[in-house]
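Since the structure of chain A is already known, use the hints to place chain B on it.
Protein chains: 2
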Amino acid sequence: MGIETVTTQLTTFLGQRLSRSKSDLELHGRSETHFPLMPPDAVAYPENAQEVAEIVRVCGQHHVPVIGWGVGTSLEGQAQAPSGGVCVDFSRMNRILEIRQADMDVTVQPGVTREALNEELRATGLFFPVDPGANATLGGMASTRASGTTTVRYGGMRQNVLSLEVVTPGGEIIRTGSRARKSSSGYDLTGLFVGAEGTLGLITELTLRLQGQPEAMASAVCAFPSIRNAVSAVIDTIQMGIPMARIELVDVATVQAVNAYSGSGLAEAPHLLLEFHGSESGVAEQSESFGEIARSHGGKGFDWATKAEDRNALWAMRHNAYHAIKATRPGAQVLVTDVCVPISKLAEVIEETRLDLENAGIHGPIVGHVGDGNFHTSMMFDKGDADQLAAVEAASHRMVERALANGGTATGEHGIGIGKKRYMDREHGHGWAIMGAIKQALDPDNTMNPGKLVPPRN
Amino acid sequence: MGIETVTTQLTTFLGQRLSRSKSDLELHGRSETHFPLMPPDAVAYPENAQEVAEIVRVCGQHHVPVIGWGVGTSLEGQAQAPSGGVCVDFSRMNRILEIRQADMDVTVQPGVTREALNEELRATGLFFPVDPGANATLGGMASTRASGTTTVRYGGMRQNVLSLEVVTPGGEIIRTGSRARKSSSGYDLTGLFVGAEGTLGLITELTLRLQGQPEAMASAVCAFPSIRNAVSAVIDTIQMGIPMARIELVDVATVQAVNAYSGSGLAEAPHLLLEFHGSESGVAEQSESFGEIARSHGGKGFDWATKAEDRNALWAMRHNAYHAIKATRPGAQVLVTDVCVPISKLAEVIEETRLDLENAGIHGPIVGHVGDGNFHTSMMFDKGDADQLAAVEAASHRMVERALANGGTATGEHGIGIGKKRYMDREHGHGWAIMGAIKQALDPDNTMNPGKLVPPRN
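If you're matching them up, the sequences are chains A and B in order.
Read the first sequence against this note's numbering and you will find it ends at 463, with the numbers running on by one and no gaps.
Read the second sequence against this note's numbering and you will find it ends at 463, with the numbers running on by one and no gaps.
These aren't lab readings, by the way, just hints derived from the structure by calculation.
Here are some chain B residues pointing at chain A (derived, C-beta under 8 Å): (1) T149; (2) R163; (3) I179; (4) S183; (5) Y192.
Among chain A residues calculated to face chain B with C-beta under 10 Å, some are: (6) L131; (7) V171; (8) E202; (9) H282; (10) S286; (11) V346; (12) G376; (13) A408; (14) L409; (15) Y428.
Positions of the beta carbon are idealized from the N, C-alpha and C atoms, including for glycine.
In isolation and in its complexed conformation, chain A is listed as follows (with noise of 0.2 Å):
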């Protein structure tokens, strides 16, 4: 079989740095949420991207998949092994090769996990803006196009990848873009890599936007009578101008979770929970105008905080959500899923959903990172009841089909992988064939990801 003349091949040049150890594949074949164990069949520990480009042309010589890895948050299968092949572990590519501080950009390897680069550019004045919650590799985070509780005002990867360098099916190593800030110089091929789940190549180095560190930051949380009387208060924010670096939103059932895991005691009601980011004026302007917006829609209990020690105590409570809704019930296993709509259909659609939930006894508290329109529900499920397995998997289903109906997206950041697939078709029409022609195209062996995004082949 291919695989085995693969690993032959590729031990020629990785040495131990190729593993087929059991709990190796393992550990690369698992996901972040509830789908089944698809390991690979090898796992390789590249070093540079000479080494990922071999490992690319030996595994395309043999028709053996190649699928990349990098901490294995991905929520939709993005990472695992269906078909078995060669897991490109990223771990030792993790390096931060050059921060240049008068241009804004810093060049990494796809390994770099974002709070080490954050960690890396405190004492430089600068910081990389996007923030999905995991701590994501950047690599990874490109791949996915993730984005996250800042996009409203810094944009996701899309936004902040400035160029890549990437190693193609065919085993080039390209770079897309340049460091200019801006190009009409063909085809935007960093943004067709960004967001390809790899399956159009492996990215091997990233190009990013830094963003200087506000002089000032505050944060806020507002309880609102309803998810309506909140949403509208975000429209009208949206509407003045008013620059929130983060506004999101959590549901009665998500502010009891954190109330019982982290004995805050925030009223059992919607709230908002904001970040500003400005000079020490500018902040203090928008927490008031935000404030005056807020009560007009029946905003209560306004209160804003511009003590490092306050604010991160709120968004520690805001990362934990997915943790204190766990521990509501433990030892269950969460269907997590988000979709995106326009902010107009946003208050409707989720009041609909929470209502679906509901009427399904289902567990499913709701998040949002309302400035996009996008949500989330973690929905529980005792592992191994096919039954509620079934049930929250339809219910999850209900609510893309709603998020369509609504012109929204299937995903606003999870991606597509395994699990969201068979909306490809509904969602995009001719338009997934375009994406069948261009992944033809590029990787005719289909070796990258197979399995994942694009249509089956004929």
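Chain B only, in chain A's frame:
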């Protein structure tokens, strides 16, 4: 010949809206800049996407080129017809289809110009920010990935197109993307068609992000002892996180031209022209902070204006710079070119370019969207003087070489078209072949705007 059959077939449903008059062909074969006339064989004036799809299908069957046309303001010959064919003029598809205030987006037909859109938006409190100078159509601006004076704050077309309706080379009508603010659902087809210069299909509808009209605006102008000082002030301003809406550089030659043309009395030194958007107090704070930075870099005569008439006079001066420059040598032709480099290299690259032009005896004033590292030269030459044309072309060539050698791009915003195709290989290497593979997959018969952007077919 194919074109005769095509003309006959198109006339059956377009009637008088298929033109073969000499004046129409010449009008649609011209260029805004120095390229010779390259007329199409016919000009079609469709009124909807179905007609566009039928035109593309008929032309495809007979291997006749199809070229899109907005208002003809592109600068690299993108809309000219070097192999003849049918020019699709979108002037009858110029309706604003829907403005959605809560979502801050708008759906338009491709023939709407940016000024017409902003005129229509005026009463809504919203505006569309991308401003390339010319009153181009939005379809053309998307196709050439236009940007301009406000890109430093609001992004260019790539950031401001939410989704597209496109007629593919096969004559299918597809939708790329949804109205959701973000998505990680599949390849970024919207990003692929933005900047494809009509080589992958024709845009028949656009959904665009809008911005809230700021509560307050202020403009400022400031003279600097050198371009390096001006650029250093810009770098500090960006690093401080001062959110300039526009920050434009004009060199001494441009100042002289503008003073002569509009009677302004600017000091004969490089100047920065700025605009700030925000709240009353935010704008005042930004202006003051910039004033301090400017003074620390030798800036003189810093003056800021909040009155609309003063601001308008300043920006009219900037927008008329091209006419002012042309007026310095009446009857002369102009080769306009642009490059974009990392901002840390900008001062050096502009200074070298200025010196190069001086040594070559070329009058070529420089203006720049300096916050993005993007600048333009307008090089004058006498019509019909082949030596002078060769000299300005050689200078343009050296400018591109200099940009590429400094980590930049051959064009920040004017695009590739005919004029800059020869730099694609140098800038993108094997990436250009990837673009060719995408083109081949989507347009196997090479009927969509042939001869532009991608490598020649083997």
